[in-house]
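Number of protein chains: 2
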Amino acid sequence: MKKKKVLIVGLGLMGASLGLSLGKKYEVWGLSRDKKKLRTAKNTKIIFKGINAFSDIPHDVELICVCVPVSKIVETVSRIDKAVSRRVLVTDVGSTKKSIVDKIKKAKLKKVNFVGSHPMAGGHRSGLSSAQARLYEKSLVFVTRDHGTLKDIKKVSLFWKKAGAARVSVVSSKDHDKIVGDISHLPHVMASLLIESIPSKNIQFGGAGFKDVTRVAQGDAGLWVDIVSSNPFLLSSLKEYRKTLDHFIKLSKGKKWSSVKKLLSSAEKKRKKLNS
Amino acid sequence: MKKKKVLIVGLGLMGASLGLSLGKKYEVWGLSRDKKKLRTAKNTKIIFKGINAFSDIPHDVELICVCVPVSKIVETVSRIDKAVSRRVLVTDVGSTKKSIVDKIKKAKLKKVNFVGSHPMAGGHRSGLSSAQARLYEKSLVFVTRDHGTLKDIKKVSLFWKKAGAARVSVVSSKDHDKIVGDISHLPHVMASLLIESIPSKNIQFGGAGFKDVTRVAQGDAGLWVDIVSSNPFLLSSLKEYRKTLDHFIKLSKGKKWSSVKKLLSSAEKKRKKLNS
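Sequence order for the protein chains is A and B.
Per the numbering used here, residue -11 is the first one in the first sequence, and the count goes up by one each step.
Per the numbering used here, residue -11 is the first one in the second sequence, and the count goes up by one each step.
Watch out, some of these pointers could steer you wrong.
Copies of the same chain are indistinguishable here, so a pair counts whether it falls within one copy or spans any two.
Result set (DSS-like, lysine-lysine): computed pairs, CA atoms no more than 27 Å apart in a straight line [unchecked claim]:
#1 Lys143 / Lys98
#2 Lys199 / Lys231
#3 Lys189 / Lys60
#4 Lys250 / Lys227
#5 Lys257 / Lys149
#6 Lys241 / Lys23
#7 Lys24 / Lys(-8)
#8 Lys189 / Lys142
No lab work stands behind these hints, which were simulated from the structure alone.
This is chain A alone, in the form it adopts within the complex (with noise of 0.2 Å):
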């Protein structure tokens, strides 16, 4: 049996490794400008072809998935929908969803059918280099369901679940930001805080502990500014970590050390029903 097309907009790190993941399963497509890319991808097996203008895109397309910074998401899905002359399944990778989702409703596309994804995969590293293909191995993946059709949510769930997700949680955009608000978005920012709260100087005695606790922090700043900009929730996550951390201080001051202990001691059990 043929392989069905996919194509993926963006060669970084999400759609090449996207790439490296689908081979087997898809037809990989690629659309970049960058033509030195498109050869490198086509010849560490990412893509199986690529393709540099939006015209170019395969009328026989199954469904085009979108990897470029969050803030040029909208844009790319309206000139998908302007170059394509058949209806096309598009998806995207972005790190927040209500703004994108809404803009796009907003923008009253003719062709495209959007469904929207994140996938919770990548890390620090960006680029095509760092490509692997085991990205999105045994990663969670949501998947938007303010519009779309339940047939289009379901093929962009099996989409995922052959790049490997273990799990596709299918939740409106405004859930997904406010979760995603919380265990994603909200320790980065906690994380790149902690770094510019301290002195330079002590940072070089920082041990495993450490540097777990600021790994994040040393994703792709350009990337970063894009996502906490384009979450709406992510101010009253940071507001109620605020109460939590005058909560802190203010039993640390009055030495209530037996309610400081509660405190982490519920965070100990909370966190170790998490593996590893």
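Use these hints to put chain B onto chain A, whose structure you have.
Same frame as chain A, but now just chain B:
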């Protein structure tokens, strides 16, 4: 040449791992109230010989390392002082140093020469059963210079090198507590507060990044409340962190994304200087 005797008091993670790492270089004795633990430690080559009472400390011991929780260190060192008949060099592995060193100075011990230590090793596991021969390998160890002769400080430093330390940093107990407050205690509190500030139902979605940021929060709450409550400089680190957080919240509210990017980028660069 006959191996010199060292005594490890307390056979939890730190003490037992120390025994495993020193067995080829010293004749390692262990002191514990728990006879079953002493048997296990002997059978697993953590120690060469176990003793159950302070009165059994051998008179020709080269160095005693106290590996009990922070809140028990001063009391343990005092008991050693009462039990021994000759001058003896004693160190510890406590995560805070100023309050310990100050209390020991006040206690005017007769036979103990105390030099404080803090190996930056451990992690969130605890107990003899988690012991690892390579726990101290490549670690950084702080040794205090508040009192103690240069000769004693050198002996203690050499002891840690033999345990596998890559680097021994001799500092005042005050500087130690400030540095470690920033790179170990503050990160621990931050991680615990992160878990406590978000809805519990969201924790299950935590991926690799969330796990990294919060890994240290699995540390034993009982041990950690001892540490947190005995570091007199942690409160000012917490307040400094709150200032940075307030600043970030203000920038986010005002949508000052270029300033947010600068902050994230500064953290990114500083963190990248530390490996992994």
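Comparing the hints with the structure gives:
Proximity of Lys143 and Lys98 under a CA criterion of 27 Å is satisfied intra-copy only: 20 Å inside one chain copy versus 78 Å between copies. Taking the shortest Cα distances, Lys199 and Lys231 sit within 27 Å of each other both inside one copy (26 Å) and across copies (22 Å). In this assembly of identical chains, the alpha carbons of Lys189 and Lys60 never lie at most 27 Å apart, being 37 Å within a copy and 31 Å across copies at closest. Taking the closest pair of Cα atoms, Lys250 and Lys227 come within 27 Å of each other both inside a single copy (22 Å) and across two copies (21 Å).
For the identical chains of this complex, Lys257 and Lys149 are neighbours neither inside a copy (31 Å) nor across copies (35 Å), given an alpha-carbon limit of 27 Å. Neither within a single protomer nor between protomers do Lys241 and Lys23 lie at most 27 Å apart by alpha-carbon distance, with minima of 60 Å and 40 Å respectively. Proximity of Lys24 to Lys(-8) under the C-alpha cut-off of 27 Å is restricted to the intra-copy arrangement: shortest distance 25 Å within a copy versus 64 Å between copies. For the homomeric pair Lys189 and Lys142, the shortest alpha-carbon distance between copies (25 Å) is at most 27 Å, but the shortest distance inside one copy (52 Å) is not.
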